[in-house]
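K.L.:
Sequence:
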Amino acid sequence: MASHSAIQVVDLKQPLTIAQVPTITPKANEIRVRVEWVPEAPLDVYQVDAGLMINQYPHGLGDSISGTVVEIGDGIEKFKIGDRVCGFVFHSEQEKAQQVFVTAPEHLFAQIPAHVSSAAASTLPNNFCTAYFTLSEKLGVKLPWPLVNHETSEDAQSPIIIWGAAASVGQYALQILKHWGYTNVIAVASPKHQDKLLSLGARHVVDYRDSATAIDTIRSILNEQDSSATVRAFDCVDSKTGSLIPLSKIVTKPGSTVAALLPVVVSSPDPQQPETELAISFDVQGEAEWATDVKVQGVAVYAYEAHAFLRDNLMPEILGGMLAQGAVQPNQYREIQGDDLLTRAQKALDIMRSGTVSGEHLVWKVWDEQ
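In terms of the UniProt record's numbering, the sequence shown is residues 1 to 370.
Bear in mind the hints are in silico, worked out from the structure with no lab data behind them. Among these hints, one or two may not hold up.
Stated by the list, open to error - With beta-carbon atoms standing in for the labels, derived distance ranges:
(1) SER220 <-> ASP11: 41 to 51 Å
(2) GLY75 <-> ALA291: 26 to 36 Å
(3) TYR302 <-> LYS27: 12 to 22 Å
(4) THR17 <-> GLU151: 48 to 58 Å
Even for Gly, the Cβ is constructed at its ideal location relative to N, Cα and C.
Turn these sequences into a full structure, and let the hints steer you where they fit.
P.N.:
Below is the structure:
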């Protein structure tokens, strides 16, 4: 059987390795894609440093790719050999992103239009799907597809807080809300990203760096509008002290809703305190003191396939359609370079682990013609 190179983690907190894995021929309704670009994600750090969602080693990494279709199975209707696609791949080891070839079901992919580079497109799959799934299924934001005549919902003026709006998921959440006519959006982020976030659809940008000031500012904004209004809040950071606890002091009206990405980061490594380690939790409700009758829920985007419409349409039709229309802009990205696949993978992981990434997405090349 043919084989190809794949990045793997072989044990907890160990350096990445490279291995040869089988190249899988697509079955019916599957395609095989040559992986050209992948984004680095916080999940990669959580898996390497905390063993998150790893039941057995060695284990592959990554769930978002962009590349070229090189082989198709029976029944494929949306793609042909040679098409550029981006994909959200996560079912099994054969679908892990950080390898030269991925074989996966057709519904996990979207066409990349000519005006979008493959590197830029790699920032979309997980983060766009997370934003759409959270807004529509966890926060109850009405996002009908297809959108006809840009009709807006009757609750388009209700307040929505996006905490971590400059993060990749946050930027896509802003663009989705803007596309569907939701204009009363409070973005919480570093002020250096203010102009960009306003252009993406935020009405207000609040500096997160001083939690007490941020809490007071957002409360003031909400009270000026309607002090009795329920609030929907999307925590794209899910840091216990940095976002979850502040939100618990803001979102207090009965009937309000909070959705927070999992896992909750309880503590992060601190170079000044070598004994500090990464600690994570899945108990969004228990990591902060929430007001009575505020609905609080964690978000694991892989569950989106339980919704038949989203399973069949979120990647190929909604993401693909919005990208083709120019209704969504890929994240600004920074290419991580290195002489070989393993060097690029380890360098990107180390930079992500450092906690210095802000307002951009790290991407790196997998397949190299050389």
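K.L.:
Quick one: which hint numbers does this structure break? Sort them smallest to largest.
P.N.:
2
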